[in-house]
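J.: Each chain is listed here by its residues.
2 protein chains.
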Amino acid sequence: MTDSRQQAIDYARAHRERFLEGFLDFLRIPSVSTDPAYRADLERCADWVVAELRRLGFSNARAYPTGGSPVVYGEWLEAGPDRPTVLVYAHYDVQPVDPLDEWVTPPFEPSIRDGRLYARGVIDDKCGVWVNLKAFEAMLAAEGRLPVNVKVFFEGEEEIGSPSMEPFIREHHDLLRADFMLVSDGGSRPDDPTIMYAARGIIEAEVTVTGPARDLHSGLYGGVVHNPLHVVGRIIGALHDDSGRVTVPGFYDNVRPLPPEELSMLASYEPDFVEMARKDTGLQAFWAEPLGSFSVRATALPTLDVNGIWGGYQGPGSKTVIPARGGFKVTMRLVADQDPADVQQKFVDYVRSFATPTVSIDVQTGPLGWPVTMMFDGPQVEAIQRAYEATWGKRARLIRAGGSVPIMGMFQRELGMPLTSLGYGTGEGVHAPNEYMLLDYFERGIATAIHFFHNLVA
Amino acid sequence: MTDSRQQAIDYARAHRERFLEGFLDFLRIPSVSTDPAYRADLERCADWVVAELRRLGFSNARAYPTGGSPVVYGEWLEAGPDRPTVLVYAHYDVQPVDPLDEWVTPPFEPSIRDGRLYARGVIDDKCGVWVNLKAFEAMLAAEGRLPVNVKVFFEGEEEIGSPSMEPFIREHHDLLRADFMLVSDGGSRPDDPTIMYAARGIIEAEVTVTGPARDLHSGLYGGVVHNPLHVVGRIIGALHDDSGRVTVPGFYDNVRPLPPEELSMLASYEPDFVEMARKDTGLQAFWAEPLGSFSVRATALPTLDVNGIWGGYQGPGSKTVIPARGGFKVTMRLVADQDPADVQQKFVDYVRSFATPTVSIDVQTGPLGWPVTMMFDGPQVEAIQRAYEATWGKRARLIRAGGSVPIMGMFQRELGMPLTSLGYGTGEGVHAPNEYMLLDYFERGIATAIHFFHNLVA
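Here the protein sequences line up with chains A and B, keeping their order.
With the numbering used here as the guide, the letters of the first sequence map in order to residues 33 to 490.
With the numbering used here as the guide, the letters of the second sequence map in order to residues 33 to 490.
Just so you know, not all the hints are guaranteed correct.
[Stated by the list, open to error] Estimated spans, in silico, between C-beta atoms of each pair:
#, chain 1, residue 1, chain 2, residue 2, range
1, B, Ser392, A, Arg427, 36 to 46 Å
2, A, Val306, B, Arg384, 23 to 33 Å
3, B, Pro322, A, Met297, 36 to 46 Å
4, A, Thr388, B, Asp374, 30 to 40 Å
5, B, Asp42, A, Pro389, 49 to 59 Å
6, A, Thr388, B, Asp409, 36 to 46 Å
7, A, Ala387, B, Pro322, 11 to 21 Å
8, A, Leu56, B, Arg384, 39 to 49 Å
9, B, Ser275, A, Tyr96, 26 to 36 Å
10, B, Ser300, A, Thr388, 23 to 33 Å
11, A, Ala387, B, Asp285, 32 to 42 Å
12, A, Ala317, B, Asp285, 32 to 42 Å
13, B, Ala46, A, Pro389, 47 to 57 Å
14, B, Pro322, A, Ala317, 36 to 46 Å
[Stated by the list, open to error] Anything over 10 Å on all C-beta distances counts as not near chain A; from chain B, calculated:
#, residue
15, Pro116
16, Leu208
17, Asp381
In short, the hints are calculated from the structure, not lab data.
Cβ coordinates follow ideal geometry from the N, Cα and C atoms, glycine included.
Model the full structure from these sequences, guided by the hints.
T.: See the structure below:
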């Protein structure tokens, strides 16, 4: 077995340039799920991946239409009934690109500079799709088979909270049945492999404050018309107290305290976490320190962030206007055992309580992303650890993710399936301009995947 | 004399179509002073008005370059030394046009519908320039002369606080010397002529809150990185208390209380003011009632309005970002005897006090616009009253303006010149989409101006 996996790894090395060219083609498709203008690109991207699966010899490969982006599915089930079946998850949609003018090279024209591959989605999460596919291709070419049965499930709505996935999963229980699910979203820092064992849930809301029927002149109505932007500020200013604690009543209900062993594991990461964050953010001081350690606040406590504010005049110079309306977008990260529907309702009720006879307040909410708890140990986790030992030369740290992969919570709740994670993204700039992947980790990721699938049976 | 003024009025009526065509040409020039992209248009607009002055036979007509928009000057001084000299002020620059998609017809393509002339700047304040010029043209054509000596002074920076005007005035004391200044900016509601006797000052500021060195993923840094948008909200939320009172320390220092006779005059306007505001704004309830009556709050107390907020993601859907920065634009209206420099400094100090080790705060300020107190009675005011009696059939109400004409405070402080106001704008939509002037008041404005200039000497 060791020999055959080495043949697959050698194959991947020999075909590195071709594998990379295919990756660049994949990255050129602007599969931005948050903006309806890219809908055709999402469909094109799904079809492109389906064609790749068929080329590899996967069966039943197709793009399933949904209410939103298509689901890409395909299977290779010839390993035999005594071998486990793995459901491999990744997502082919990407974040929007703004602020576009901060990109050194265009986000959908992949560019290699100093050993880095720059492109929107290169880390999050097109490498999750592509590295798995290339590991399969290498194993099939070198060994004629895969060591386990594989179903791939690539979605195109992860960046918008997977609104169509829950009904899709509910209608396709049989199709998706597997022994466990491998989540290939996210990644590790250079020389610091990690395995995610928990992720936060996420909910979103958009608040609009409306005052006068039209924009007004502040010289005519300043002092008598309630300016909606003042109310926007007042609400945002009232979402946290001075310690950084979220003030939405009941927000922290049901937050599960961490067990002492996990707290001490997180404490051991703390100096490293803080140092990394200083370098990454350019900040010396962090926020909300009364609430807990850096690691706990970043991963094990719920949060609320305003992601965008708008209203009135934003051009050069000044404009003496009282705008008719203004608003903001917000996301909240949730942890076990918070119920997203419950927290969402508490947020809506709290924000609406700021309405007065002088302004009205509208709150639009999005899909519910549940927090998730994944495998902490067992043979599948051990298969990942041994793969890292073989390719990175060290075992992985177990980490909580501060981010969210809503599909995981959905799977857990819909299928009762255990989950673990193996992500290939090593680089920076997720959800920001100039996202890049370190090219060295492209080949290494394929080798890690090959080891992992073999380790599941040997 | 009555006969000759009637000849001028008849001339204006006979040439109404030509006068209107010229007005439309003037309105087609997009003289937006707040946006540097329109600089060439401002210069073209100034040259266009200079050419018109020359055509009328004005002497020394020229566009004076300044650090910003040109000043248009011209004079007709042949009335004789026994006649008064009037310095006529108006401004040819206009407000920006956004939100552009709310305009029924394009803002710089004048459109006449239902007796209304729609165009950006038609009220504020191109009619101030044009109606005076057409009154002069009619008098010169019908009578061969003007009843008084006239100097015109049209600026192109009023909408941005006239930053270049103070040095210009200081360098041109002799050029601008006159017995008094007529301010043709603003106007009256239909059948309700008004004379402005006070206007508020204005100062502006732009606040930027900066946190991390780049946009961050809220899943990675939510709960540990201080979100600049939270601080934007916190500052805005702390600019007023629950009663609507501005909380900047010392903001109300030096506010001159109104004398009882003025308070009772304002009280007599109150029901009418409130009713008009309800119709105009679509609001039933107004703001800050504990601070004073509607009229007092709208005109005789200082105010602070946030005119625009920005930061993070504003497109469709959501984006889980902690932006590197966010901010807001603010203007404050001031009354006698507030000192704009003093209030500006108090605002800067207060906003900067929100800086923490986790975010920095930058405040950029603009020019200082002083509050102004104008003629309340005397022969010039009486000349306006008689002009209104002749053309509107009633005398004007004396009003405080809630808005600002910074050039007036500058003249008052630089030249010690008395001021009064005769504005021709009757319509709606100042500083908003679909600005329009009632066409009936175009011709009536020219007649009012003709009467006024004659009334000064007879």
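J.: A separate judgement is required for each hint: does it hold in the structure or not?
T.: Hint by hint, here is what the structure shows:
1. The hint said 36 to 46 Å for the Cβ distance between B/Ser392 and A/Arg427, and at roughly 41 Å that hint holds.
2. Look at A/Val306 against B/Arg384: about 28 Å separates their beta carbons, and that is inside 23 to 33 Å.
3. Checked against the hint of 36 to 46 Å, the C-beta distance between B/Pro322 and A/Met297 comes to roughly 56 Å, which is inconsistent with it.
4. The hint said 30 to 40 Å for the Cβ distance between A/Thr388 and B/Asp374, and at roughly 32 Å that hint holds.
5. For the pair B/Asp42 and A/Pro389, the supplied restraint of 49 to 59 Å holds, since their beta-carbon distance comes to about 53 Å.
6. A beta carbon spacing of about 42 Å between A/Thr388 and B/Asp409 agrees with the range 36 to 46 Å that was offered as a hint.
7. Taking 11 to 21 Å as the suggested C-beta distance range, the pair A/Ala387 and B/Pro322 conforms, at roughly 19 Å.
8. At about 48 Å, the beta-carbon gap between A/Leu56 and B/Arg384 stays in the expected band of 39 to 49 Å.
9. Range check, B/Ser275 to A/Tyr96: about 58 Å between beta-carbon atoms, so the 26 to 36 Å window is missed.
10. Separation of B/Ser300 from A/Thr388 is about 29 Å and conforms to the stated range, judged on CB atoms against 23 to 33 Å.
11. At about 34 Å, the CB distance of A/Ala387 to B/Asp285 agrees with the hint of 32 to 42 Å.
12. Distance hint check: the CB atoms of A/Ala317 and B/Asp285 are about 35 Å apart, consistent with the given range 32 to 42 Å.
13. For the pair B/Ala46 and A/Pro389, the beta carbons lie near 53 Å from each other, so the given range of 47 to 57 Å is met.
14. Distance hint check: the CB atoms of B/Pro322 and A/Ala317 are about 39 Å apart, consistent with the given range 36 to 46 Å.
15. The Cβ of B/Pro116 sits about 30 Å from the closest Cβ of chain A, beyond the 10 Å cut-off, so the non-interface label holds.
16. Every Cβ of chain A is farther than 10 Å from the Cβ of B/Leu208; the closest lies at roughly 25 Å, confirming the non-interface assignment.
17. With a least CB separation of 19 Å from chain A, B/Asp381 remains clear of the 10 Å interface cut-off, as annotated.
Checked against the numbered hints listed earlier, the structure breaks hints 3 and 9; every other hint is satisfied.
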